[in-house]
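There are 2 protein chains.
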Amino acid sequence: MSHLSKLDGYFAENRDNHLAELNEFLRIPSISSLSEHKQDMQTAASWLAAAMKRVNLDNISIDETGGHPVVYADWLHAPGKPTILFYGHYDVQPVDPLNLWETPPFEPTVRDNKLFARGASDDKGQVFMHLKALEALFALDGTLPVNVKFIIEGEEEIGSPNLPQYVEKNKEKLAADLILISDTGLYAPGKPAVCYGLRGLTGIQIDVRGAKGDLHSGLYGGGVQNAIHALADILASFRDEHGTIQVEGFYDNVRPLSEEERQAYLDLNFDEEALKEEVGVKELFGEKGYSYLEQTWARPTLEVNGVFGGFSGEGIKTVLPAEAGAKITCRLVPDQDPDEIVALLKAHVEKHKPAGVEVTISEFDKGAPFITPFDHPVIQAAGRSYERVYEVPTAYTRGGGSIPIVAAFDQILQLPVVLMGFGLSSENFHAPNEHFHLENFDKGLRVLGDYLYEVSTLSL
Amino acid sequence: MSHLSKLDGYFAENRDNHLAELNEFLRIPSISSLSEHKQDMQTAASWLAAAMKRVNLDNISIDETGGHPVVYADWLHAPGKPTILFYGHYDVQPVDPLNLWETPPFEPTVRDNKLFARGASDDKGQVFMHLKALEALFALDGTLPVNVKFIIEGEEEIGSPNLPQYVEKNKEKLAADLILISDTGLYAPGKPAVCYGLRGLTGIQIDVRGAKGDLHSGLYGGGVQNAIHALADILASFRDEHGTIQVEGFYDNVRPLSEEERQAYLDLNFDEEALKEEVGVKELFGEKGYSYLEQTWARPTLEVNGVFGGFSGEGIKTVLPAEAGAKITCRLVPDQDPDEIVALLKAHVEKHKPAGVEVTISEFDKGAPFITPFDHPVIQAAGRSYERVYEVPTAYTRGGGSIPIVAAFDQILQLPVVLMGFGLSSENFHAPNEHFHLENFDKGLRVLGDYLYEVSTLSL
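The listed protein sequences derive, respectively, from chains A and B. First residue of the first sequence? That's 1 in UniProt numbering, and the numbers climb one at a time after it. First residue of the second sequence? That's 1 in UniProt numbering, and the numbers climb one at a time after it.
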């Protein structure tokens with residue numbers, strides 16, 4: 001009997017119990033951002049610790065962090081075998097506006113084979129699946145084929161303010177061969193995805209000052225520099241007409257896409273027409289020589305996020321503005337370094353500073369990009385496990401956004417990161433009526449169980 | 001005995017009476033913008049009509065306009081002689097903040113040979129001077145050497161909404177050989193100025209739209225156009241690095257400066273260092289090949305008055321903005337046409353529209369530029385009258401700003417306009433503690449009396 005048949009049988013038999021247990025977890029309103037839920041955070045952490053105990057994990061602890069606690073556990077009785085570090089979070093987003101929920105957010109309800117509850121998909125449901133995958137292997141084999149460690153935090157929805165420090169402090173304790181995170185989504189319904197890279201982020205604000213105050217455009221116009229014109233000249237200098245960034249050295253450390261990656265993206269047959277419809281544009285726009293997926297997954301960006309200066313009310317005010325500013329962020333890709341990029345941006349602005357104004361630059365928070373090589377065994381193994389269950393080719397994707405905590409794991413623990421998620425972008429994370437397609441709950445449990453066997457065969 | 005000696009004697013003898021009479025006029029709180037002063041507007045108009053009667057003018061009428069009335073009068077008993085149309089306004093600005101006035105705005109007070117009151121300089125004091133100049137000539141000669149007409153309006157401080165229509169309707173009645181306005185200033189203390197040109201104004205708003213809503217800069221950044229970048233590209237395309245406007249055809253109808261004008265400006269020895277100090281810039285900025293005075297008086301401009309788009313709060317928001325906009329105005333010089341310039345701006349934006357966005361343009365109100373040729377006899381005569389009294393060379397200037405009603409006179413009545421003012425830019429028009437230097441009240445009366453004789457000798 002194959003692993004998968006055994007897992008099938010086990011999960012089918014225990015489905016009702018599993019859903020009932022997950023519902024207990026979902027009923028705890030563990031909203032990390034609201035202080036009135038502080039006690040609920042402790043309750044959720046304790047529930048998780050108890051659930052880990054039922055799964056037979058060792059060294060379970062609820063670790064205080066200064067914020068909401070981290071729940072730790074491990075099982076390290078597979079000598080010579082790889083160790084997987086599981087990461088997830090037990091905190092959830094607020095639920096406002098409550099009146100838009102068809103059923104209350106903390107009363108889990110199944111409709112149409114979807115489980116509706118805050119946290120069903122993001123991320124309690126997926127954390128729960130990790131535990132149940134282990135439980136299945138213990139039940140079927142009396143042991144696990146790999147070593148495992150868990151850190152489940154309670155502050156992901158508020159930006160993980162305490163986790164990097166916790167990870168740094170427990171670096172040795174958290175040592176592993178890979179980190180597995182199920183907090184992302186499938187590529188599309190029925191089409192699983194392993195996300196093997198995310199973009200990083202860095203940003204600056206540019207403030208331009210001309211005269212000491214706004215001037216009358218009649219009396220002074222033509223003889224004194226206008227702060228908005230100066231700013232526009234700087235902003236226009238950043239990109240060419242296709243969006244290719246003109247900052248000297250900006251692309252120097254960009255890791256080129258491999259032929260395999262480009263082919264993998266091409267095979268996804270991305271529907272650009274559907275995208276144009278979705279965002280409401282007549283034409284897409286971006287760096288020549290790259291497809292939309294390449295542009296948004298594997299190429300860096302420089303975007304003005306906001307601009308301000310002068311009079312923006314109704315009608316006209318003939319002012320010669322003294323001040324103008326812009327906020328700019330860059331999405332970065334491996335191997336760009338956020339600090340280096342900020343230095344390049346500063347040098348660029350200095351070089352392109354128009355006459356007649358002073359320019360100051362301030363920096364925003366930074367996050368590094370991350371990538372686990374596309375052909376890394378832990379990535380390819382994840383793809384195989386997905387394919388065995390979903391019976392279609394796995395999509396190998398990157399994310400255009402940034403998950404700072406993933407970059408922190410990458411940097412502090414220096415582990416390959418496997419983002420193997422089961423959500424769908426239509427499932428209203430962070431919005432009313434969050435839900436989780438139970439089809440992916442069921443399949444995901446099987447994928448995760450299979451993946452433990454897959455990893456056990458790897459030499460890492 | 002020369003004209004000037006006779007005028008000197010007359011004004012010296014009557015100074016106290018004149019100031020007492022002016023104070024009556026200044027005590028009327030004729031604030032045109034505030035509806036609670038509607039009755040005061042009528043009072044001020046009636047006071048003016050009575051003052052005109054004392055001067056011996058004919059055909060005095062208080063003409064309703066739909067807003068505050070226009071006061072008309074004339075004296076047309078100098079056959080074969082030129083006719084001067086005097087324009088001024090009896091309305092004043094609001095007085096807030098009242099607590100900043102050292103003495104109440106409607107209780108005229110002399111301190112340090114300056115008359116403090118709302119309207120002392122702008123424009124009741126100067127209107128009163130016109131009347132007293134005529135009164136002096138009647139007293140000295142029993143007649144006037146020229147024909148005169150007066151229109152004194154009550155809505156200048158609210159943009160003269162009804163005057164163009166009034167002028168259009170009374171085109172024949174207002175026919176004259178020149179229009180004389182004393183609502184501007186000296187070039188500097190002790191240095192008189194004839195202003196013979198003003199810039200016009202036209203403006204557009206540019207609205208750029210990309211996607212149908214703001215997008216996540218991680219998920220879409222690199223593949224969808226950013227409305228702010230697109231706008232910045234358009235704005236940057238308008239001017240080169242020296243501010244020279246790059247809109248095709250923009251300068252085609254600009255009347256070149258004559259050598260005489262350039263020399264006259266040069267002779268003013270404009271202090272650029274003092275200007276830099278005043279506005280707080282390290283360097284001036286503008287079109288190459290022109291001095292600061294030429295840039296601001298005789299060259300057109302294109303200024304962004306305001307820009308907006310995306311996130312402008314504190315910190316960072318990684319949005320890919322769908323919308324951005326800018327407000328733009330151009331100061332125009334003869335013989336640019338506001339409608340033609342708007343058409344050129346539109347064509348320019350169309351030509352420079354970046355990919356991936358839609359751009360819409362809306363128009364603001366327009367005002368034509370005006371110029372009375374520098375060497376026109378009425379301009380040169382004004383210069384001579386100033387010089388006779390102030391005993392220094394007159395400055396021949398233009399104004400960088402726009403006075404829409406002047407352009408309207410120019411266009412409707414097609415008269416040479418003589419801007420012959422006696423204020424100083426330090427006199428707080430529109431601000432608390434407005435005042436008028438009585439030195440210029442005294443000298444101005446003599447200049448105006450002299451000018452009537454000057455004009456009587458011209459063949460117009």
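A hint or two may mislead.
A pair counts as met if it fits within one copy or between any two copies, since identical chains are not told apart.
Each computed DSSO-like pair below joins lysine-lysine, with the alpha-carbon atoms no more than 27 Å apart [as the list claims (entries may be wrong)]:
1) K81 <-> K282
2) K288 <-> K351
3) K276 <-> K169
4) K353 <-> K366
5) K288 <-> K173
6) K81 <-> K443
Since the hints were derived computationally from the structure, they do not count as laboratory data. Here the structure is a predicted model, which is why all the values come from computation and not from measurement.
Each hint, compared with the structure:
1. In this homomeric assembly, K81 and K282 never come within 27 Å of each other (Cα to Cα): the closest approach is 53 Å inside a single copy and 69 Å across copies.
2. Within a single copy, K288 and K351 get their C-alpha atoms as close as 26 Å, and across copies as close as 21 Å, so both meet the 27 Å cut-off.
3. For the identical chains of this complex, K276 and K169 are neighbours neither inside a copy (46 Å) nor across copies (56 Å), given an alpha-carbon limit of 27 Å.
4. Taking the shortest Cα distances, K353 and K366 sit within 27 Å of each other inside one copy (24 Å), while across copies they are farther apart (33 Å).
5. Neither within a single protomer nor between protomers do K288 and K173 lie at most 27 Å apart by alpha-carbon distance, with minima of 46 Å and 68 Å respectively.
6. For a Cα distance limit of 27 Å, the shortest separation of K81 from K443 inside one copy, 25 Å, qualifies, whereas the shortest one across copies, 103 Å, does not.
The structure shown violates the earlier hints numbered 1, 3 and 5.
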